[in-house]
Every structure is written in structure tokens, then in C-alpha cells.
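Following the hints, put chain B in place on chain A, whose structure we already have.
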Amino acid sequence: MTAHDYWVLSPAIAMALLALVTVSVDLVTRSMAKVSTVAFLGLSAPLILTLNLWFGWFGDPATAREATGVADLGSALFGTVETDRFALFFDFLLLTVTAGTILASAKYIASERMKDYGGEFVSLVLLSVTGMIVLVSATELITIYVALELTALPVVALAAIHRSKQGVESGTKFFVLSAISSAILLYGFAYIYGFTGSTNLAVIMERLTVLPNDAGVPFGSYAVLLAVIMIVAGFGFKMAVVPWQMWVPDVYQGAPTPVVAFLSVASKAAAFAVIMRIMYVAFGDPALMQDWSGLFAILAAVTMTLGNTLALSQSNIKRLLGYSTIAQAGYILVGVASVPANQVGATFAGAGPQGVMYYLAGYAFTNLAVFFAVIAITSRTNDDSIEGLNGLLKRSPLLAGVLVFGLLSLLGMPPTVGFMAKVVVFGSAINANLTWLAVVGVVNTVIAAYYYLRVIRAIVFEDAEDETKFSADKPVLVAAGVAAIGAGVFGLAPFLLLEFAEQALSILPAIVTGL
Amino acid sequence: MFEDYFRQYALLIIFAAAAVTVPIGMLTMSYLAQFIKVRPSRPTAVKESAYEGGMPPFSSRPARFNFRYYYYALLFVVFDVETVFLFPWAVKYGVMSQQFGFAALGAVFIFLIVVTVGYAYAWRKQALEWVTNDDRS
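Which chain is which? The protein sequence lines are A and B, in order.
What the first sequence shows, in my numbering, is residues 1 to 515, in sequence order.
What the second sequence shows, in my numbering, is residues 516 to 652, in sequence order.
Check the hints yourself; a few may be wrong.
Stated by the list, open to error - Using C-beta positions, here's what the derived DEER-type ranges look like:
#1 A:Y193 with B:P603: 23 to 29 Å
#2 B:L590 with A:K394: 50 to 56 Å
#3 A:T29 with B:V599: 46 to 52 Å
#4 B:V599 with A:L492: 53 to 59 Å
#5 A:V28 with B:P538: 56 to 62 Å
#6 A:G216 with B:V623: 51 to 57 Å
#7 B:F617 with A:P414: 55 to 61 Å
Claimed, not checked - Dumping the calculated PhoX-like pairs for lysine-lysine here, alpha-carbon to alpha-carbon at most 20 Å:
#8 A:K34 with B:K640
#9 B:K640 with A:K115
#10 A:K115 with A:K474
#11 A:K173 with A:K318
#12 A:K34 with A:K474
#13 A:K34 with A:K165
Since the hints were made in silico from the structure, they are not lab data.
Only a predicted model underlies this, so the values are computations on that prediction, with no experimental measurement involved.
Don't be surprised by glycine CBs; every beta carbon is placed ideally from N, CA and C.
Chain A with its partners taken away, still in its complex shape (with noise of 0.2 Å):
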């Protein structure tokens, strides 16, 4: 390793050091207030230096590159890691949801069942993220695997970090399909080396484009056709996306709620955003993205359709929110399928991945919201059956403000977040030639009306079998609002973000060439 590959990486390396610190913390101090403080303001470095690379405040690759051209300063360790602006927009995404998840989880840490264990939770959300931030600027796919495994491995002792049956069982469950996952995964990109002979991604494009094709068949080769099948299944998993979404209702309700805030949203986001690297830079030639387009609108009708029908009869919230994160992701998926390259003169404004990006830091800010709320909630009442939220708004009216205003959210009621990133998503549906897809979404959207509303009857109409008034523990009520203030902020405003994504995506090459 270069001086340079250590700068191009700073982010990774910053967040496995804040790891070990923290963990060092605990054995030193045994003190979980200290270990939540250290680690919350140890997030600060890596912070810095994304922001550093963003703007190169001291001179740093991205910058220097698009000073000189010069294609592979951005790039570091041979060319496997690239420190984009893509990559760096999820890296701050994922931050706010560490920051985010850490603030919620003060309290829970410091309780009586997990004080043994604080230190090692909130190390191993510090090195799932690690893995996260790897994994958004991998730029090759053995890379991509290390960093996945790495992803999920800690989350997988986090779901069973509780000795309990539910919680062993969601583990287990979460272990051996992330495994299943990944063996199919590798399959896949052991058939795109073996027909490329490159795990770069950009080379597997150049070969691409190269090699002979078959007339009529999707992607010019069966082995490329399964290779990309294998791959979008392996991810699927990751993405909670229909047929591969059976784990998520289970593990939901059996981990704890702060892993599955963190899961829900910072795991599906890291997932996006790999799977729209590779998409977009090995499989970027307009003729491909026809085909792969296809696949995904499928995916995403058949995702948002079962998500939101199964969640209709859920009593338990933990697994509604569980169904609840499968219909988002087909939501998401919706602006994948949406590729430039189905558009009349082609450009990139208003293009799926774009409202991706958007919809991907507007729901987190949303879930994380309404799972901070639960994790409030719940913690106080010791009940995670809709019922348990009765009569809600006059036993908390903050919280239950919160958890409403986040659940209007996820329904898409204007002005939150969500509305506005359906907007987009389904807008880019349209302009891609699918409007059949984004008429699945309007439709799916009215009947998500139905189990949001529900909750927020409960919270707002229902009457309270237990009147006592409860209040929040500070940090989670923190974490609570900045997510709500964040997701009405960035509804009203949304061009902050549009803008953001826009600039993260300029710098892919592939979205360049390939258009």
C-alpha cells in the first residue's frame, strides 16, 4: 500500500480503528455511557476525511482527478477500491445512520441484559459499517464479496446477541441464507470471469462490449443472462427483495430493535448501491441495460405487490415494518429498472438511479424515525403488538408525533420525504418507458394506505387500556426528531439532495461513456 491508498481508503480505515477503540473502551472502563460517547464522537473522524475527499480540502484523489483527468487517481490497491463521489454519498448516508443508530442505542446498551455486551454491539455495528463503506466503492467483484461478508457477519451476531430462543433462531436464519446467498452470488461472478476474464468491473465492460453476441438472446450470452440472474439473486437477499425476502419478517421481530433499524436501512442501502455500481459500470452498455431493466421491473412490481399485501394482516409491528421495508424496496427498485438508456435522448436528469439515491436517503431517514420511535415506545411498554400502541397520543404525544409523521412518511403523504421521493422514482418510471411499473406503484401505494392508517388509528383514535403518561430516554428522542426534522426537511426541499445525487453520479463512469 501507497500513502495514497492509505488517503483513498482514510474512511474505512478511520471506522475499523473507532471499531477496536471501542471496544478497548469497554474492556478498560466497563462503562457503556462512555462507550456510546466515544463511539458517537469517534464518528466525527471518519466524517472528516469523506468530507475531506468530497471537497479535498487537502489535496485528495477525487479532486486531483477531476483536475487532470487522469482516470485512476481516484482509485487505490490496484484498482479494486475507488473512492467516488458515489461511493461517497452512500459513505455519508451511512454515517448519519451509524451516528443515528448509536444515539438510539445509548440506553438499550447501558440495560441490565446487555451491559456485558454493550461494547461488543456497538463494535460490531462500527465493523458492519466498515464493510458498508468498503463495499460502496468496490470497484471489483472480489472485493465486493470480501466487503459484503464483512457486512454481514457482525449483523449476524448482532441479531442473535441476545441468549434467547427468538433471538438465536433469527440469527441462525440470517446465517445460513446470507450464506446461501453469497454461494450464489460467487457462482455468478465465477461465470463473469470465466466469460470475461476479468473481475474488474470496468474491464468486464470493455470485454463486454467486445466479445461476439447472440442475436436474441438477453445480454448476448446465456452465461452472462445466468451470471446476471445469480448476481441480482445474491443481492436480493441483501435488499429484502421478493422471492428472497423470507428471512426478513423473522429476523425483524426476533433481533433486537435497534439491529433492525440499523439493518433496514443502512445494509439495504449499501446493497443498492453495489448493485447499481456493478449495473451501471460492468453491465453499463445501453444494449445490456435494456435487458437487465426488464428484470428488475418484474422484480420490483412483484416485490412492492407481496410486500404490501402480506403486510395487511400483521399484528406484530416489528414484522409489519418488516413487510413494510420489503415494499420499499420494490419501491426502490422501480427507479433501478428505470435506466437512461429506454429514454429519447438519453441524458441523466430525471433518470432511475437518481430518484434512487433519493428515495435511499429519504426512507432512511424515515425508517429510522419510526424505528426510533418503536425502540422508545416499546422499551417503555414492553409490547410490540399494534395493539400495545394504543391511545399512544395521549400517553406521548412526541413520540406518537413522531412515529405518525414517520409512518405518513413511508405512505408517501405530502409534504414528507416520501412523497416527494415516489415522485421521483415513479416520474423516472415514466421516462424510462414503464409506465405500466410506475402504475403498479400508485396502485401498491393505496393499499399500503391501509396498514399505515391502521397503526395511526391505533396511536390516535384507539383508547388506551394503561393511561399512565411516558416519556423517551434523551438520546433516542434526539435521534427520533433529527430523523423526523430530516425527513420533512428533505421533503420540502428536495432539490438538496437531487442535487447531492446528481453530482455522486456524475463522476460513474460508465453512465458517461455508455450514453
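Frame of chain A, contents of chain B only:
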């Protein structure tokens, strides 16, 4: 060309045949040797007992051993892998230090710090204690 190809399989078959005949031949010779009084067979209770380092055996059943061994197995693997990583680094250090300078030394120290934190963790979490607080209580 095909002849060459199958000739390679012939080598494999010869090797497999040798691998089977040699042990069978040795056992058969040993069996036949007892008829000419070279290898008399006089079994006794002591001869047929399990061999336990020359001591009289304590029990004949497969012994139970403490599950805690797995901590040691895990720690052993970690530190063994550490050594395996250090050897190639040490051998190639001269070349690397010319190319990368101080970074060649720094990289391995980062690695060592990571392993040391793991060691401190195991120590502090009583993974190295044979009798833990759980047993005492």
C-alpha cells in the same frame, strides 16, 4: 495426442494399484508368517487393552473433555494465522521497504495492533481462565 492423454491416466492407475497392493501385501505376508512360527499369536488381556501412553488405562469409553477447549482452539487459530502472515512479510521486508518506505513497517504494525486488541479482549473476557467466575458462583 489422445494416446498421450490416456497414458497419463495409465500412470494414475499404476499408482493406485501400487497404493492398494503394497499394504494388502504386507498384511497378507504378516498373516502368512504366523504359520511358520515367525509371528506367534498369543493374545492376553493386557495386550488387547487400549494404549494410553504406557500407563494402565483409566477407562475404555471415549473420554469426555471440557468444552472450553474450543476457546483455546479459536485463539490458537488466530495467533497461528498471525504468525503465518508475519513470515512472508519478514522475508520480503527488504524489497518492500525500498518500494514503500515506512509504509511497509506501518502496515504490519496496524495488523499487530488489531491482533493485540483481540488478545486483550480475550484476556479481559476471561477466555484464558480455566476456572471462571461462572464456575465459582
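Results of checking the hints against the structure:
Here the CB-CB span from Y193 (chain A) to P603 (chain B) is close to 26 Å, well matched to the stated 23 to 29 Å. Between L590 (chain B) and K394 (chain A) the beta carbon distance is about 55 Å. The supplied range of 50 to 56 Å therefore holds. Between T29 (chain A) and V599 (chain B) the CB atoms are about 34 Å apart, so this pair departs from the stated range of 46 to 52 Å. At roughly 57 Å, the beta carbons of V599 (chain B) and L492 (chain A) sit within the given window of 53 to 59 Å.
For the hinted restraint 56 to 62 Å between V28 (chain A) and P538 (chain B), the CB-CB distance of approximately 59 Å keeps it satisfied. The supplied range of 51 to 57 Å is met by G216 (chain A) and V623 (chain B), whose beta-carbon atoms lie about 55 Å from each other. Taken as a hint, the range 55 to 61 Å holds for the pair F617 (chain B) and P414 (chain A), whose Cβ atoms sit roughly 57 Å apart. Between K34 (chain A) and K640 (chain B) the alpha-carbon distance is near 18 Å, which keeps this suggested pair within the 20 Å criterion.
About 13 Å separates the Cα atoms of K640 (chain B) and K115 (chain A), which keeps this hinted pair within 20 Å; it holds. Under the criterion of a C-alpha separation no larger than 20 Å, the hint pairing K115 (chain A) with K474 (chain A) is consistent with the structure, at around 19 Å. Pair hint K173 (chain A) plus K318 (chain A) holds up; C-alpha atoms about 17 Å apart against a cutoff of 20 Å. At most 20 Å may separate the alpha-carbon atoms for a hinted pair to count; K34 (chain A) and K474 (chain A) meet this at roughly 16 Å.
A threshold of 20 Å between alpha carbons decides the hint, and for K34 (chain A) with K165 (chain A) the separation of about 30 Å lies outside it, so the pair is violated.
Hint compliance for this structure: hints 3 and 13 are not met, and every other hint is.
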